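Chemist: Chain order of the listed sequences is A and B.
Those letters in the first sequence? Residues 1 to 325, by this note's numbering.
Those letters in the second sequence? Residues 1 to 325, by this note's numbering.
Keep in mind that a hint or two might mislead.
Same chains, same names: a pair is fine if it fits in one copy or spans any two.
[What the hints assert, rightly or not] Derived lysine-lysine pairs resembling DSS-like cross-links, with alpha carbons at most 25 Å apart: (1) 325 x 137; (2) 56 x 186; (3) 56 x 228; (4) 157 x 299; (5) 241 x 275; (6) 72 x 186; (7) 97 x 299; (8) 72 x 241; (9) 275 x 56; (10) 157 x 134; (11) 301 x 104; (12) 299 x 137; (13) 301 x 186; (14) 56 x 134; (15) 72 x 227; (16) 241 x 157; (17) 282 x 104; (18) 97 x 72; (19) 97 x 241; (20) 221 x 301; (21) 186 x 299.
Bear in mind the hints are in silico, worked out from the structure with no lab data behind them.
Fair warning: this is a prediction, and the values are worked out from it, not measured in the lab.
Next come the chains, spelled out residue by residue.
There are 2 protein chains.
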Amino acid sequence: MPRIKTNFEQLAVGIDIGGTNTKFGIVDRVGNLLFSSEMPTRGYNDVNHFIEEMHKRVMPFIEQAGGVGRIKGIGLGAPNGNYYTGTIEYAPNLPWKGIIPFSKMVEDIFQLPVVLTNDANAAALGEMMYGAAKDMKDFIMITLGTGVGSGIVANGKLIYGHDGNAGELGHSVIIPGGRLHEGTGKRGSLESYASATGVCLTAIEMLENSDQPSILREVPKDQIDSKKVYEAAIAGDELAKSIFEFTGKILGMALANFVMFSSPEAIILFGGLTKAGDMILKPTREHMEENLLPIYQHKVKILVSHLKESDAAILGASALVWDLK
Amino acid sequence: MPRIKTNFEQLAVGIDIGGTNTKFGIVDRVGNLLFSSEMPTRGYNDVNHFIEEMHKRVMPFIEQAGGVGRIKGIGLGAPNGNYYTGTIEYAPNLPWKGIIPFSKMVEDIFQLPVVLTNDANAAALGEMMYGAAKDMKDFIMITLGTGVGSGIVANGKLIYGHDGNAGELGHSVIIPGGRLHEGTGKRGSLESYASATGVCLTAIEMLENSDQPSILREVPKDQIDSKKVYEAAIAGDELAKSIFEFTGKILGMALANFVMFSSPEAIILFGGLTKAGDMILKPTREHMEENLLPIYQHKVKILVSHLKESDAAILGASALVWDLK
């Protein structure tokens, strides 16, 4: 691959492929986001057209940053992205089905080294290089969004597992025989409770199974979402508060199991649900401690990512590049 | 530390401190056990006396093997042994209480480098160097004995966690609110079901909660143990078989969660319960697969350790030595 040698500091391209939007930017070694923008992920039935459009949008930034000679590589974060194979495999939230050799396709069009991993692993790397996990060698990153993602770092390295698929903690079964997850057909997984979707389901269940007054009763059921539950809880609604308490309880039970696996220094939480602050964090901490053996108690920090959400995904993806040989 | 330099191949001492017996031996790089013996762990109220006796018993082997100059170091496996601090911390099955600076004490008396870890981690190292996990970089070792221990290897390294306590998978909560663990006061942990103790409790529960005929009904309750359940199952006793089926079900559910954490190439099982063979392995495999996301299914081997049980602990402890700088 021809590369122009320069004396300038090297830069990385970070691209985060999300279900709705794709964010991209140019990042320096210390995590400054020099340029960034985004484009819709949807609307391209052929993945080749999507990648061509992405190339068209990213290249002007590369030129402004000093040309391809200054770029060490491109880091990609994507749902179900596999670090070992560079493929995106059966991603339920992306429009392209099957196994897509995404890395190879991006490498061919940009003529730059490309490294890909799943979005939660990229987020963990971003936290380790620039965020709440700076200088940590053992931590777990949990993203609480529409779903629950995770990236696990032990001995200073991301755990990819033998096949690149490690770290699907959202699919850990916490309540055997519990709530059905529509996407996987499994019951009782963390994701079925501690995601935005889960909070919404808990709200509907609690409204149906009690007569407790709540301002949420004024919202049509199909319009209840985690934001409305949050607003109700902030306004002092007791039922809404108990929705977050329940969510925190399940999350805390799950975290205790994760801690007894890898004994991390911290668990970094990221994503929409963390906006509920102590309403969810307090029960999470309490139930985590309650389920831990004494040797683990009062040692593990639960931290909320302080990276700007819109930047974190790009930073995380770009962080993959610095390990390229 | 003075060391006689020789041209001979270096050797390691492996010592496994068990609740009842302490096993020790001299091991070469390829896992040949040159000398081995054992002594009782109990009967020494002062840990200093225990270590003095251990020194007295091990030294003749070291002399026979060519003297301390040939020994690279001493590897110790012990319940609650902490790799980072070299201490044994609050081990419920050992006679010495509190935090014991075990490594330092052994180093002082032998004048050799010493490295310590918990017994399940040592077992995992042994499997990686000489056993079923040879050449694997990602696997989980589960010991199914009186309790349930575990050692986790990812990226070719044992996971110790930030404090040296990683890998207490036996205390993962699998059934929230489930069976009480007398030792920890927690409910529903893997160990409370999938250990020799757990099998015995399951037997008593099943006998009490049904009228199903069983030859186990002839055994006084306080004499039921996992061996008797095994013998009954081998003899065709349906209730005894269902005890192992239930145990395998819980173990399989737990293994699925572990797989979605670190995506290991294999899970290596070791210890008394594995003697039940397919009676426990079949339901374990089935329920593991059933609880896994499709991306993990039919990929993870469940293997039974083929190391001789009496040697494995010594081999594992000695394996710690080769990483010494």
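Chemist: Run every hint past the structure and note whether it holds.
Modeler: Structure-based check of each hint:
In the homo-oligomer, the alpha carbons of residue 325 and residue 137 lie at most 25 Å apart both inside one protomer (21 Å) and across protomers (21 Å), since each shortest distance falls under that limit. For the identical chains of this complex, residue 56 and residue 186 are neighbours neither inside a copy (41 Å) nor across copies (57 Å), given an alpha-carbon limit of 25 Å. Proximity of residue 56 to residue 228 under the C-alpha cut-off of 25 Å is found in neither arrangement, the shortest distances being 39 Å within a copy and 71 Å between copies. Proximity of residue 157 to residue 299 under the C-alpha cut-off of 25 Å is found in both arrangements, the shortest distances being 21 Å within a copy and 23 Å between copies.
Within a single copy, residue 241 and residue 275 get their C-alpha atoms as close as 14 Å, which meets the 25 Å cut-off; across copies the closest is 50 Å, which misses it. In this assembly of identical chains, the alpha carbons of residue 72 and residue 186 never lie at most 25 Å apart, being 42 Å within a copy and 51 Å across copies at closest. For the identical chains of this complex, residue 97 and residue 299 are inter-copy neighbours only, at 22 Å across copies versus 43 Å inside a copy, given an alpha-carbon limit of 25 Å. Taking the shortest Cα distances, residue 72 and residue 241 never come within 25 Å of each other, neither inside one copy (48 Å) nor across copies (60 Å).
Taking identical chains as interchangeable, the C-alpha atoms of residue 275 and residue 56 are never at most 25 Å apart, the minima being 35 Å within one chain and 62 Å between chains. In the homo-oligomer, the alpha carbons of residue 157 and residue 134 lie at most 25 Å apart both inside one protomer (13 Å) and across protomers (22 Å), since each shortest distance falls under that limit. In this assembly of identical chains, residue 301 and residue 104 lie within 25 Å of each other by CA distance neither inside one copy nor across copies; the values are 39 Å within and 30 Å between. In this assembly of identical chains, the alpha carbons of residue 299 and residue 137 lie at most 25 Å apart only when taken from the same copy (15 Å versus 29 Å across copies).
Taking identical chains as interchangeable, the C-alpha atoms of residue 301 and residue 186 lie at most 25 Å apart only when they sit on different chains, with a minimum of 22 Å there against 30 Å within one chain. Neither within a single protomer nor between protomers do residue 56 and residue 134 lie at most 25 Å apart by alpha-carbon distance, with minima of 34 Å and 48 Å respectively. In this assembly of identical chains, residue 72 and residue 227 lie within 25 Å of each other by CA distance neither inside one copy nor across copies; the values are 40 Å within and 61 Å between. When the C-alpha separation of residue 241 and residue 157 is checked against a cutoff of 25 Å, the pair qualifies neither within a copy, at 37 Å, nor between copies, at 43 Å.
Proximity of residue 282 and residue 104 under a CA criterion of 25 Å is satisfied in neither setting, with 44 Å inside one chain copy and 40 Å between copies. For a Cα distance limit of 25 Å, the shortest separation of residue 97 from residue 72 qualifies neither inside one copy, at 30 Å, nor across copies, at 55 Å. Taking the closest pair of Cα atoms, residue 97 and residue 241 never come within 25 Å of each other, the shortest separation being 39 Å inside a single copy and 44 Å across copies. With identical chains, the CA atoms of residue 221 and residue 301 are never at most 25 Å apart, being 36 Å at best within one copy and 45 Å at best between copies.
For the identical chains of this complex, residue 186 and residue 299 are inter-copy neighbours only, at 19 Å across copies versus 32 Å inside a copy, given an alpha-carbon limit of 25 Å.
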